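Visitor: Below, each chain spelled out in residue letters.
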Amino acid sequence: MKSWKNAIAAVLAVLPGTGFAADFPSEPVTLVVPYPPGGNVDSAARIIAPKMEELLGQPIVVENRAGAGGMIAAEYVKNADADGYTLFMAANGPLLFAPMTMNRPDAYDWETDFEAIGTVSITPMALTVREGVGITDIDELMSRAGEENLLMASPGAGTTNHLAAEKLKADSGSDFRIVHYKGNAPSIASLVGGETAFSFDQMSVILPYIEDGSVVPLAVTSSERVPALPDVPTLKESGQFDFAAVTFTGLLAPAGTPEEAIEALSAALNETLASDDIVARFADLGSVASPKTPAEFDDFLTEIDDTWRPIVAEVNANR
Amino acid sequence: MHQTYHRIGRLPELIFGLFLFGIGCVSTIYGWSYGLGRLNDIGPGAFPMGLGIGLMILAALAMREAGTQDPVSRRLAPAFFYLPGVIIWALLIEGAGLLVATMALILMCSVAEEHLNLKRAVLLSLILTAVGYLVFILGFGLTFNLIGDWF
Amino acid sequence: MNVLHDLALGFQVALTWQAIVICLGGVVLGTFVGVLPGIGALAAISLCLPLTYYMEPVHGLILLSGIFYGAQYGSSTSSILLNIPGTPSAAATCLDGNPMARQGRAGQALFIVTLSSYFGGMVGIILLVAFAVPLAKFALTFGAPEYFAVMLLGLVAASTASPGSAVKGLAMMVLGLIFGMVGTDVTSGVYRFTLGQLELTDGINLVAMAMGLFGIGEVLSNLAAPSAPQPPSKGFRLREMLPSRKEARQSVFPAIRGSLLGSWIGALPGTGPAIAAFVAYATEKRISRTPEKFGTGAVEGVAAPEAANNASVQAAFIPTLCIGIPGDAVMAFMLGAMIIHGIVPGPNLISQQPEMFWGLVASFSVGNLILVLLTLPMIGVWVKILNVPRQVLYPLIIFLICVGVYSVNSNVFDVMVAVAFGILGFVMTLFRYPVAPILLGYILGPLVEENFRRTLFISNGDFTAFLSSPVSVICLALVLVALLTPMVLSFRRRLTSSVQE
Numbered sequence: 001m002k003s004w005k006n007a008i009a010a011v012l013a014v015l016p017g018t019g020f021a022a023d024f025p026s027e028p029v030t031l032v033v034p035y036p037p038g039g040n041v042d043s044a045a046r047i048i049a050p051k052m053e054e055l056l057g058q059p060i061v062v063e064n065r066a067g068a069g070g071m072i073a074a075e076y077v078k079n080a081d082a083d084g085y086t087l088f089m090a091a092n093g094p095l096l097f098a099p100m101t102m103n104r105p106d107a108y109d110w111e112t113d114f115e116a117i118g119t120v121s122i123t124p125m126a127l128t129v130r131e132g133v134g135i136t137d138i139d140e141l142m143s144r145a146g147e148e149n150l151l152m153a154s155p156g157a158g159t160t161n162h163l164a165a166e167k168l169k170a171d172s173g174s175d176f177r178i179v180h181y182k183g184n185a186p187s188i189a190s191l192v193g194g195e196t197a198f199s200f201d202q203m204s205v206i207l208p209y210i211e212d213g214s215v216v217p218l219a220v221t222s223s224e225r226v227p228a229l230p231d232v233p234t235l236k237e238s239g240q241f242d243f244a245a246v247t248f249t250g251l252l253a254p255a256g257t258p259e260e261a262i263e264a265l266s267a268a269l270n271e272t273l274a275s276d277d278i279v280a281r282f283a284d285l286g287s288v289a290s291p292k293t294p295a296e297f298d299d300f301l302t303e304i305d306d307t308w309r310p311i312v313a314e315v316n317a318n319r
Numbered sequence: 001m002h003q004t005y006h007r008i009g010r011l012p013e014l015i016f017g018l019f020l021f022g023i024g025c026v027s028t029i030y031g032w033s034y035g036l037g038r039l040n041d042i043g044p045g046a047f048p049m050g051l052g053i054g055l056m057i058l059a060a061l062a063m064r065e066a067g068t069q070d071p072v073s074r075r076l077a078p079a080f081f082y083l084p085g086v087i088i089w090a091l092l093i094e095g096a097g098l099l100v101a102t103m104a105l106i107l108m109c110s111v112a113e114e115h116l117n118l119k120r121a122v123l124l125s126l127i128l129t130a131v132g133y134l135v136f137i138l139g140f141g142l143t144f145n146l147i148g149d150w151f
Numbered sequence: 001m002n003v004l005h006d007l008a009l010g011f012q013v014a015l016t017w018q019a020i021v022i023c024l025g026g027v028v029l030g031t032f033v034g035v036l037p038g039i040g041a042l043a044a045i046s047l048c049l050p051l052t053y054y055m056e057p058v059h060g061l062i063l064l065s066g067i068f069y070g071a072q073y074g075s076s077t078s079s080i081l082l083n084i085p086g087t088p089s090a091a092a093t094c095l096d097g098n099p100m101a102r103q104g105r106a107g108q109a110l111f112i113v114t115l116s117s118y119f120g121g122m123v124g125i126i127l128l129v130a131f132a133v134p135l136a137k138f139a140l141t142f143g144a145p146e147y148f149a150v151m152l153l154g155l156v157a158a159s160t161a162s163p164g165s166a167v168k169g170l171a172m173m174v175l176g177l178i179f180g181m182v183g184t185d186v187t188s189g190v191y192r193f194t195l196g197q198l199e200l201t202d203g204i205n206l207v208a209m210a211m212g213l214f215g216i217g218e219v220l221s222n223l224a225a226p227s228a229p230q231p232p233s234k235g236f237r238l239r240e241m242l243p244s245r246k247e248a249r250q251s252v253f254p255a256i257r258g259s260l261l262g263s264w265i266g267a268l269p270g271t272g273p274a275i276a277a278f279v280a281y282a283t284e285k286r287i288s289r290t291p292e293k294f295g296t297g298a299v300e301g302v303a304a305p306e307a308a309n310n311a312s313v314q315a316a317f318i319p320t321l322c323i324g325i326p327g328d329a330v331m332a333f334m335l336g337a338m339i340i341h342g343i344v345p346g347p348n349l350i351s352q353q354p355e356m357f358w359g360l361v362a363s364f365s366v367g368n369l370i371l372v373l374l375t376l377p378m379i380g381v382w383v384k385i386l387n388v389p390r391q392v393l394y395p396l397i398i399f400l401i402c403v404g405v406y407s408v409n410s411n412v413f414d415v416m417v418a419v420a421f422g423i424l425g426f427v428m429t430l431f432r433y434p435v436a437p438i439l440l441g442y443i444l445g446p447l448v449e450e451n452f453r454r455t456l457f458i459s460n461g462d463f464t465a466f467l468s469s470p471v472s473v474i475c476l477a478l479v480l481v482a483l484l485t486p487m488v489l490s491f492r493r494r495l496t497s498s499v500q501e
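Residue numbers (the working numbering), protein chains in the order written: chain A, 1 to 319; chain B, 1 to 151; chain C, 1 to 501.
Each hint should be verified, as a subset may be incorrect.
Covered stretches of chain B, going by a simulated chain C footprint (3 or more residues, C-beta under 8 Å) [unchecked claim]:
{"no.": "1", "stretch": "4-15"}
{"no.": "2", "stretch": "47-57"}
{"no.": "3", "stretch": "68-74"}
{"no.": "4", "stretch": "82-93"}
{"no.": "5", "stretch": "106-119"}
Not everything, but these chain C residues come out facing chain B in the computed CB check (under 8 Å) [stated by the list, open to error]:
{"no.": "6", "residue": "Leu175"}
{"no.": "7", "residue": "Ser188"}
{"no.": "8", "residue": "Asn460"}
I should point out that these hints are in silico values taken from the structure, not numbers from a laboratory. None of the values given here were measured: they were computed from a predicted structure. In this text, a Cβ means the ideal position worked out from N, Cα and C, and glycines have one as well.
Isolated chain A, as found in the complex:
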């Protein structure tokens, strides 16, 4: 049934005077989330959905297609009709690195198989040390971590957190060991409970523990300081490191989606992200609502890809 409608829409689109944009969207739009319900990416999708629904005048359906580091969702969207009704709620791993880490480099390429719409949110990470360890700055951490065999927690091999940890290790020359857990929750539990000493965690999940004093923040991984922690320097400010590591969420459509649809979605997304309510929602999560034009999103993706691809390749080769 949908294909009939598409056919009619295609015919209408080439007729003079009847633009595609005029009636986009005319049916529900699906945001495909590459993770199960409850995580960072899923929450971001569900935060923007009601407002976008209002602006677009069509229901927004959040659909979780978890699996294979996000490849299942990515391939699903890549193969969906390029009509703007099936969108990919992407994040670092699923969009940029999964084909490499899953050893299926030809599965898809974010540059050629997807059309950028815009960033949704950007979440910096914080480097924190358990309160009892008694370390207050990053140089001290790097020198003591190697000597005292302090352990760093990671929420899983190949996560952004793990990659940043490997880069921290490589750039500082400090010889600490990284312990992997299955997800953020057990990783933070190990940090707060005392099994590990320090870790990189998304602001969204670590902020409450910083506030109650169980962990001490040493640095944030974004390029600028984070409003929630104005006194905590960035990694770059420390002088020892020259990288930023953030997790982003963003919307993409399959390649070949009509420009009118991309524009309509981009406009709705950016208006959503500009509303105070949504900004506050993301701030509560320790994230930043980040409106970007499709072109800006493209540049942003290129930058992340260039920084991290070599590290992903190295970690991948070592396992």
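With chain A fixed as given, assemble chains B and C onto it according to the hints.
Guide: Only chains B and C this time, still in chain A's reference frame:
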């Protein structure tokens, strides 16, 4: 024809034991290939390998028990209709939609009965589709179509 | 007295008519999805999330948690009547619940299950009220060696839980452990046994596996059997379904033990109701004077696991609400739901949001009461399921399994996995291999492996790390006892018999 009962004797049980032994073997070999690691950094292969060896031993012990209990008689025909029915449902659900997939499934299940009752099968599949549509698509908002994109 | 004050605050929230209606809606929906094989709490919760946008945050959470614990009540119904657990956590209830139903005691089984579920739920809630914060702190002190010891104990204790041949039971547990290894290794990122299938890199889907083994396998076995199990077809009055005085007495202590075990296991992050139920079942069988009755319709084997899984779902809120660390996928989703409502879970939640915390906890007790009042009169209706002709019932079950398994990830591959496990489950029952140990091995295996390897990684290969805390020492000692007792017993038996000769 579906009334045929098969006596399940010792031989099939031995074959199943061998199948388990084979899985143990595969697990051991793959475990070896995944790397056993060192004592302070145990590799991903150590557990599969240990478990594989354990399964081989247990499968061998279990095969000694084969045929010690009274053989049973079972109808195998239903399995040959129900299982393909589920597979067909799975292949049809995304493209053809809930209605066609469910009709195919219920028809397959009905063929497994001793007396095929076509009217009841069609009726049941229509009711299930209707209930499924109301409960799962309208009620729960599950994302599959009543009528798929193929039509 | 502070607790009383807090509780009063909570009931002020939970006893408003909106809260009661929402709670009722949640537990009814939960019972419903619990009864249906395949569709579980997680699916219903994620589908109801958009509804909660338009509610007060605390009402939203009352709804979502009502679905979660309501599903535990419902899932045992299909375990008992159909030998198919409504959700994997009720798999242990099949072992004795279904034999009871086959003896025409379905009503009694459902009655006992409902009351022990209520009891377990209330114990979990009381612990949540009284000891939430200290319990959460205690759970935090659990490191890799403690987890390893506890999980190993669970595995060893439960290895003898299923009836029939011990060797076959152990073989199936090891097979389950191997199935648990499928997917991406957490420690190294290596893919194990994925057979080149992308879908398998996250491991075998639990729902697909459980519904294949228990659901499809059971339907096929029933169809294959010469005559369908005779359903008790006469009408039922409530009085005829009341458990006898003896049955009631027999289920009291198992329910108490099950509740305590379940609460404890539920409070540990990373566990879940399925583990709690199996461990409680195994414990009862271990300490029973008549272990041979287990698997043939022992009321203890129904009361204990049901008390345990209901206690564990209530206790699972302890780490989630008190330290912001979810124990399983459903709890992770509850956290997500809070976040969407702008509530950031974490160590400060109780002090910052007392109305929400205590209101939610108070609503649990309301919800459990509603569930009992709702479930008891329904028993007569459920039992009539047994009268549905099998030409209708089995296609219906298979249809529900298809929809349920597919809906988890909207992935056809999962349905195929269910078919594969359906074949395995069918063949296994033909040769009298028990099915439950596979599920147990699958759930516990990754936890045992991960924590064993992590312990040695952290201690740099020093095995004494396993004995570094009282908890792990006690658990490992119990493991030894559990392993040695049967050996000693059989040795003594051999000794006495040889003396007699």
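Visitor: Taking each numbered hint in turn, which are not upheld by the structure, reported in ascending numerical order?
Guide: No numbers; nothing is violated.
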